[in-house]
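There are 2 protein chains.
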Amino acid sequence: MNQTPLPDNDISYTLTPIGIVESDFPDKFGVPRQAGLAPAAKASLVLLPPFDDPLAVRGLDAFSHLWLTFVFHLGPEQTGPGHWTPLVRPPRLGGNTRIGVFTSRSPNRPNRLGLSLVALVGIDTRDGVRLALRGGDLVSGTPVLDIKPYLPWADTASDAIGGFAPERPPRLPIEISPQADVVLSGRDDHDSLRQLIIQVLAQDPRPAYRKGAEVRVYGIRLRDVDVRFRVLEQAGQTLIRVVDIVAG
Amino acid sequence: MNQTPLPDNDISYTLTPIGIVESDFPDKFGVPRQAGLAPAAKASLVLLPPFDDPLAVRGLDAFSHLWLTFVFHLGPEQTGPGHWTPLVRPPRLGGNTRIGVFTSRSPNRPNRLGLSLVALVGIDTRDGVRLALRGGDLVSGTPVLDIKPYLPWADTASDAIGGFAPERPPRLPIEISPQADVVLSGRDDHDSLRQLIIQVLAQDPRPAYRKGAEVRVYGIRLRDVDVRFRVLEQAGQTLIRVVDIVAG
Numbered sequence: 008m009n010q011t012p013l014p015d016n017d018i019s020y021t022l023t024p025i026g027i028v029e030s031d032f033p034d035k036f037g038v039p040r041q042a043g044l045a046p047a048a049k050a051s052l053v054l055l056p057p058f059d060d061p062l063a064v065r066g067l068d069a070f071s072h073l074w075l076t077f078v079f080h081l082g083p084e085q086t087g088p089g090h091w092t093p094l095v096r097p098p099r100l101g102g103n104t105r106i107g108v109f110t111s112r113s114p115n116r117p118n119r120l121g122l123s124l125v126a127l128v129g130i131d132t133r134d135g136v137r138l139a140l141r142g143g144d145l146v147s148g149t150p151v152l153d154i155k156p157y158l159p160w161a162d163t164a165s166d167a168i169g170g171f172a173p174e175r176p177p178r179l180p181i182e183i184s185p186q187a188d189v190v191l192s193g194r195d196d197h198d199s200l201r202q203l204i205i206q207v208l209a210q211d212p213r214p215a216y217r218k219g220a221e222v223r224v225y226g227i228r229l230r231d232v233d234v235r236f237r238v239l240e241q242a243g244q245t246l247i248r249v250v251d252i253v254a255g
Numbered sequence: 008m009n010q011t012p013l014p015d016n017d018i019s020y021t022l023t024p025i026g027i028v029e030s031d032f033p034d035k036f037g038v039p040r041q042a043g044l045a046p047a048a049k050a051s052l053v054l055l056p057p058f059d060d061p062l063a064v065r066g067l068d069a070f071s072h073l074w075l076t077f078v079f080h081l082g083p084e085q086t087g088p089g090h091w092t093p094l095v096r097p098p099r100l101g102g103n104t105r106i107g108v109f110t111s112r113s114p115n116r117p118n119r120l121g122l123s124l125v126a127l128v129g130i131d132t133r134d135g136v137r138l139a140l141r142g143g144d145l146v147s148g149t150p151v152l153d154i155k156p157y158l159p160w161a162d163t164a165s166d167a168i169g170g171f172a173p174e175r176p177p178r179l180p181i182e183i184s185p186q187a188d189v190v191l192s193g194r195d196d197h198d199s200l201r202q203l204i205i206q207v208l209a210q211d212p213r214p215a216y217r218k219g220a221e222v223r224v225y226g227i228r229l230r231d232v233d234v235r236f237r238v239l240e241q242a243g244q245t246l247i248r249v250v251d252i253v254a255g
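Chains as they are written, first to last, in the working numbering: chain A, 8 to 255; chain B, 8 to 255.
Simulated from the structure, these hints should not be mistaken for lab results. Since we're looking at a predicted model, the values are computed, not measured. Even glycine gets a Cβ: it sits at the ideal position worked out from N, Cα and C. Do not rely on the hints blindly, as some may be mistaken.
Unchecked claim - Chain B side only, calculated, beta carbon under 8 Å to chain A, not exhaustive:
no. : residue
1   : Thr21
2   : Phe36
3   : Ala63
4   : Gly66
5   : Trp74
6   : Phe79
7   : Leu94
8   : Arg96
9   : Val108
10  : Leu120
11  : Leu122
12  : Glu174
13  : Val189
14  : His197
Stated by the list, open to error - To list a few chain A residues with every Cβ distance to chain B over 10 Å, as calculated:
no. : residue
15  : Gly66
16  : Ala69
17  : Gly82
18  : Arg133
19  : Asp134
20  : Leu152
21  : Gly169
22  : Arg178
23  : Asp198
24  : Tyr225
25  : Glu240
26  : Thr245
27  : Asp251
28  : Val253
29  : Ala254
Bound-form chain A, shown alone (with noise of 0.2 Å):
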């Protein structure tokens, strides 16, 4: 093998956004900890200018499915590339153990760049270019730095052994109070709305070191409202039950 000379890490590259995302997500707390996990979640990538020429997705409409590279942008308020640990410790472990960084998908990591596969249902190209996507994982405001059209064969590894999440999370029984169905019942967008709070509650987005139930009431955002959970125990089976839905 060639011995490349370890060059001077003074090394930098300057990314500039190509678009940014507006999605169910107005706020942090409730995006789902993976891209696929609330298929219900739809989300906008409105390019920027001067990527947002229609020529720079052509044909990308004979694609079902995207990479979004993206930069965690919100969090610490320092998010230089010198800003982070090389341990971390994920959720999925329940937020005790820690791992290396670069074994996790942490949003605290050296660059704090993100990847996200999604699906493409739509591309809006009357006034620069907005593709329709579904899936996602991103706060609105995210910015994206690039996109690439999903190659199945390339991008598919089918022997692949995951590590400490080898499969999908386990998924808690939502619980819908009247009252809060009253509220989705008179919403243009009740049922792909029901079906985001149901896909977005049953990955259990409290802080990881939440474990059972508990009295307190939690509030996330998803979309423009409100919505009012708590964690349940019932016949020795945690539940989320939806208490209220609040608009605006």
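Fit chain B to the supplied structure of chain A, relying on the hints for placement.
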């Protein structure tokens, strides 16, 4: 959906390489046009200070595959985000058809980010961190910005439609001349180098506008050898003949 006001597009992010690739591909010519096409291709990812902390890869050995986000550092002299064109001509389409840059995996794209799925075959933390990889498509010296574990359940779209590149490109048959065979047989790495040569040449690494048989002898560098080949037509079938292998 939340309408996020678009920010001024004068935001930018400064990213620092976390590591550098040493691979079987000293030059750009001959590098497979996606990861996974040459499983015999070996590479090391050498982490750079301060990212070369063994803690940063703790637990990574429980994963079989990794995503590398990297920079296409070779190519046009000016590689800033401003240097791109909305349309590109991918080799896969014969080099004549223009598609959108975001419909392609072309290196000549805004921000020049690349994404490759590679197999992780070893981790050496005796002196910094060196990851042994297989199946990469990265030229030696490629700066890597991020490593993420491949999560089969989040990173696979089983029902995906792959647009203009729905499956692996076809492979040409390879013939190795007696002269080249003698050189190969005399090497310690004869088995793996032979596989590498076959896998790389089967992709027809010539520029896309070259088609069919040619008198010309091409040379590509793999590991420390120059592999010289011709493209022949035999019984109506295009094949590649390795005419010589020259060390050094």
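Evaluated hints:
Checking threonine 21 of chain B against chain A by beta carbon gives a least distance of about 5 Å; that is within 8 Å, so the hint holds. A hinted interface residue such as phenylalanine 36 of chain B counts as satisfied when its beta carbon comes closer than 8 Å to some beta carbon of chain A; here the least separation is about 15 Å, so the hint is violated. Against a cut-off of 8 Å between C-beta atoms, the interface hint on alanine 63 of chain B holds, since the closest Cβ of chain A lies about 4 Å away. For glycine 66 of chain B, the interface hint holds, the least distance from its beta-carbon to any beta-carbon of chain A being 4 Å, beneath 8 Å.
Annotation: tryptophan 74 of chain B was flagged as interfacial toward chain A, and the flag holds, the nearest CB pair being 6 Å apart, inside 8 Å. The interface hint given for phenylalanine 79 of chain B is broken, as the beta carbon of that residue sits about 11 Å from the closest beta carbon of chain A, more than 8 Å. For leucine 94 of chain B, the interface hint holds, the least distance from its beta-carbon to any beta-carbon of chain A being 5 Å, beneath 8 Å. Look at arginine 96 of chain B: its Cβ only gets to about 12 Å from chain A, farther than 8 Å, so that hint breaks.
Because the smallest distance between the Cβ of valine 108 of chain B and any Cβ of chain A comes to about 5 Å, under 8 Å, the interface hint for this residue holds. Among the interface hints, the one on leucine 120 of chain B holds; its C-beta lies about 5 Å from the nearest C-beta in chain A, closer than the 8 Å criterion. Given the 8 Å rule on beta carbons, the hint for leucine 122 of chain B holds: about 6 Å separates it from the nearest Cβ of chain A. Contact between glutamate 174 of chain B and chain A, as hinted, is supported at the beta carbon level, the nearest pair being about 5 Å apart and thus within 8 Å.
Proximity of valine 189 of chain B to chain A is violated relative to the hint, the smallest CB-CB distance being about 23 Å (cut-off 8 Å). Annotation: interface hint on histidine 197 of chain B violated; nearest CB of chain A at approximately 15 Å, more than 8 Å. With a cut of 10 Å on Cβ distances, glycine 66 of chain A falls inside the contact zone with chain B, its closest approach being about 4 Å. A Cβ of chain B approaches the Cβ of alanine 69 of chain A within 10 Å, the least distance being about 4 Å, so the stated non-interface status is violated.
No beta-carbon of chain B is positioned within 10 Å of the beta-carbon of glycine 82 of chain A; the least distance is around 13 Å. The Cβ of arginine 133 of chain A lies farther than 10 Å from every Cβ of chain B, with a closest approach of about 16 Å, so its non-interface assignment holds. A cut-off of 10 Å between C-beta atoms confirms that aspartate 134 of chain A is not in contact with chain B; the least separation is 12 Å. At roughly 5 Å, the least C-beta separation between leucine 152 of chain A and chain B is not larger than 10 Å, which violates its mark as non-interface.
Some Cβ of chain B comes within 10 Å of the Cβ of glycine 169 of chain A; the nearest lies about 5 Å off, and the non-interface call is violated. At the 10 Å boundary, the C-beta of arginine 178 of chain A stays outside the reach of chain B, the nearest C-beta of that chain being 13 Å off. With a cut of 10 Å on Cβ distances, aspartate 198 of chain A stays outside the contact zone with chain B, its closest approach being about 15 Å. Annotated as non-interface, tyrosine 225 of chain A keeps its C-beta farther than 10 Å from every C-beta of chain B; the closest such distance is 20 Å.
Distance check for glutamate 240 of chain A against chain B: the nearest CB is about 27 Å away, which clears 10 Å, and the non-interface claim stands. Chain B leaves threonine 245 of chain A outside its interface by the beta-carbon criterion, the shortest separation being 22 Å against a cut-off of 10 Å. Look at aspartate 251 of chain A: its CB is around 20 Å from the nearest CB on chain B, clear of 10 Å, so calling it non-interface holds up. The claim that valine 253 of chain A is not at the interface with chain B holds, since no C-beta of that chain comes within 10 Å of its own (minimum 16 Å).
Interface exclusion of alanine 254 of chain A from chain B stands, the closest Cβ pair being 13 Å apart, more than 10 Å.
Checked against the numbered hints given earlier, the structure breaks hints 2, 6, 8, 13, 14, 15, 16, 20, 21 and satisfies all the rest.
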